[in-house]
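K.L.:
Chain by chain, the residues:
Number of protein chains: 2
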Amino acid sequence: MKTDLIVDNVSKHISLTDEETDLFLSLLIEKKLAKRELLHKVGDVCRNSAFVIEGALKGYTIDNAGGEHVLNFAVADWWIADMYSLFSQKPGVLLIEALADSTVLLLSKENQELLYKQNPKFERFFRILVENALVTNQQRLLDNLSLSAEQRYLNFIKKYPFVLNCAPLHSIASYLGITPEFLSKIRRNIAS
Amino acid sequence: MKTDLIVDNVSKHISLTDEETDLFLSLLIEKKLAKRELLHKVGDVCRNSAFVIEGALKGYTIDNAGGEHVLNFAVADWWIADMYSLFSQKPGVLLIEALADSTVLLLSKENQELLYKQNPKFERFFRILVENALVTNQQRLLDNLSLSAEQRYLNFIKKYPFVLNCAPLHSIASYLGITPEFLSKIRRNIAS
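Respectively, the protein sequence lines represent chains W and F. Residue 158 in this note's numbering is what sits at position 158 of the first sequence, and the numbering runs on without skipping anything. Residue 124 in this note's numbering is what sits at position 124 of the second sequence, and the numbering runs on without skipping anything.
Treat the hints loosely; a few may be bogus.
It does not matter which identical chain is meant; a pair holds if it fits inside one copy or across any two.
[What the hints assert, rightly or not] Using 27 Å as the maximum straight-line C-alpha spacing, the simulated DSS-like pairs for lysine-lysine come out as follows:
| # | residue 1 | residue 2 |
| --- | --- | --- |
| 1 | K185 | K41 |
| 2 | K158 | K90 |
| 3 | K159 | K31 |
| 4 | K158 | K117 |
| 5 | K90 | K12 |
| 6 | K90 | K159 |
| 7 | K41 | K121 |
| 8 | K12 | K41 |
| 9 | K90 | K31 |
| 10 | K2 | K90 |
| 11 | K12 | K185 |
| 12 | K31 | K109 |
| 13 | K109 | K12 |
| 14 | K117 | K41 |
| 15 | K109 | K121 |
| 16 | K117 | K12 |
| 17 | K121 | K12 |
Bear in mind the hints are in silico, worked out from the structure with no lab data behind them.
Chain W on its own, in the form it takes in the complex (with noise of 0.2 Å):
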């Protein structure tokens, strides 16, 4: 199991031991996911947090006309999951996909509870990931509000360029909230 990054990822917030940090690993699993792949059905509970090592996911919705919404993509060093079933543990409301083949570590919603309990450092190694995504999500959400689709697509580009050479041109679109179309117009005009 490689193990350095989500040592890194963690040590960026919070200083472990050597024993916290062997009990933090003790409870991750490694998971080896091919390329289509779910992580997570609409309906299941989610039971994990997923820390990308390698790969890419996508977390999305499907409505009634069959039409694709992208939530978020996750790539090395991030984590994704159901964040709504896995903090009130009802049924899911995403699709999790690897969009390539991926691995990921997953720790399990009662060895997070467990940490948290054991140790209030892990309360606070979440608690400031989940702050960092929230503000990630405002950010975008004010980006798809006030930037143009060209300037949201402009940094797409340089945020989640493995993303750009494995998710299919549709999903890119919806994450940017435009249609194929209008995506491949932009695509062209930047090339041209």
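We have chain W; now place chain F onto it with these hints.
P.N.:
Chain F in isolation, oriented as in the chain W frame:
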């Protein structure tokens, strides 16, 4: 200082002893805001979380062309802050303005950190608070991607009846991601 609402807000997520409740309340400062008064300005570092006791506030940005982009509204029993600035202690990106005469309770960043150090329960409380805010934000992103503007407006009416009465039309339209003209059209459709 009216404290029932905030004590109930905290009690939803953690159980406090009388001493712990007294400590928490002793760290709050009441602030009254007149309609249109700013609680926070772009470029200022956000020093406080604000809990709304009465009235309503909006968090927004102004773009270079003078256009307003509304990130969020906060009514009684809600917390509001420039989260990016509060967490990072860098200059803020939002204006936070009273939509009506309002009363808020301020908890400073320093006192919040003090609570975390003194008692992990408070770290737990704010972790859960931010988790709920994240889920609300994700739901709004998904709604923007998947629901019609009319459906989003109908949801808004249910969720924010107070804001409906005190926010200008263009702010509500901005929050919904549509033009004021389109919102007027939706309102006429619903009325007829």
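K.L.:
Work down the list of hints and note, for each, if the structure agrees.
P.N.:
Going down the list of hints, with the structure as the test:
With identical chains, the CA atoms of K185 and K41 are never at most 27 Å apart, being 33 Å at best within one copy and 38 Å at best between copies. Taking the closest pair of Cα atoms, K158 and K90 come within 27 Å of each other only across two copies (23 Å); inside a single copy the shortest separation is 35 Å, beyond that limit. When the C-alpha separation of K159 and K31 is checked against a cutoff of 27 Å, the pair qualifies only within one copy, where the shortest distance is 25 Å, while the shortest distance between copies is 40 Å. In this assembly of identical chains, the alpha carbons of K158 and K117 never lie at most 27 Å apart, being 39 Å within a copy and 38 Å across copies at closest.
For a Cα distance limit of 27 Å, the shortest separation of K90 from K12 across copies, 18 Å, qualifies, whereas the shortest one inside one copy, 31 Å, does not. Taking the closest pair of Cα atoms, K90 and K159 come within 27 Å of each other only across two copies (21 Å); inside a single copy the shortest separation is 31 Å, beyond that limit. In this assembly of identical chains, K41 and K121 lie within 27 Å of each other by CA distance neither inside one copy nor across copies; the values are 31 Å within and 33 Å between. In the homo-oligomer, the alpha carbons of K12 and K41 never lie at most 27 Å apart, since the shortest distance is 31 Å inside one protomer and 29 Å across protomers.
For the identical chains of this complex, K90 and K31 are intra-copy neighbours only, at 23 Å inside a copy versus 38 Å across copies, given an alpha-carbon limit of 27 Å. Proximity of K2 and K90 under a CA criterion of 27 Å is satisfied in neither setting, with 31 Å inside one chain copy and 34 Å between copies. For the identical chains of this complex, K12 and K185 are neighbours neither inside a copy (40 Å) nor across copies (49 Å), given an alpha-carbon limit of 27 Å. Taking the shortest alpha-carbon separations for K31 and K109, only the intra-copy value of 16 Å comes in at or below 27 Å, while the best inter-copy value is 39 Å.
Within a single copy, K109 and K12 get their C-alpha atoms as close as 22 Å, and across copies as close as 20 Å, so both meet the 27 Å cut-off. Taking the closest pair of Cα atoms, K117 and K41 never come within 27 Å of each other, the shortest separation being 29 Å inside a single copy and 39 Å across copies. In this assembly of identical chains, K109 and K121 lie within 27 Å of each other by CA distance both inside one copy and across copies; the values are 17 Å within and 18 Å between. For a Cα distance limit of 27 Å, the shortest separation of K117 from K12 qualifies both inside one copy, at 21 Å, and across copies, at 19 Å.
Both within a single protomer and between protomers do K121 and K12 lie at most 27 Å apart by alpha-carbon distance, with minima of 13 Å and 23 Å respectively.
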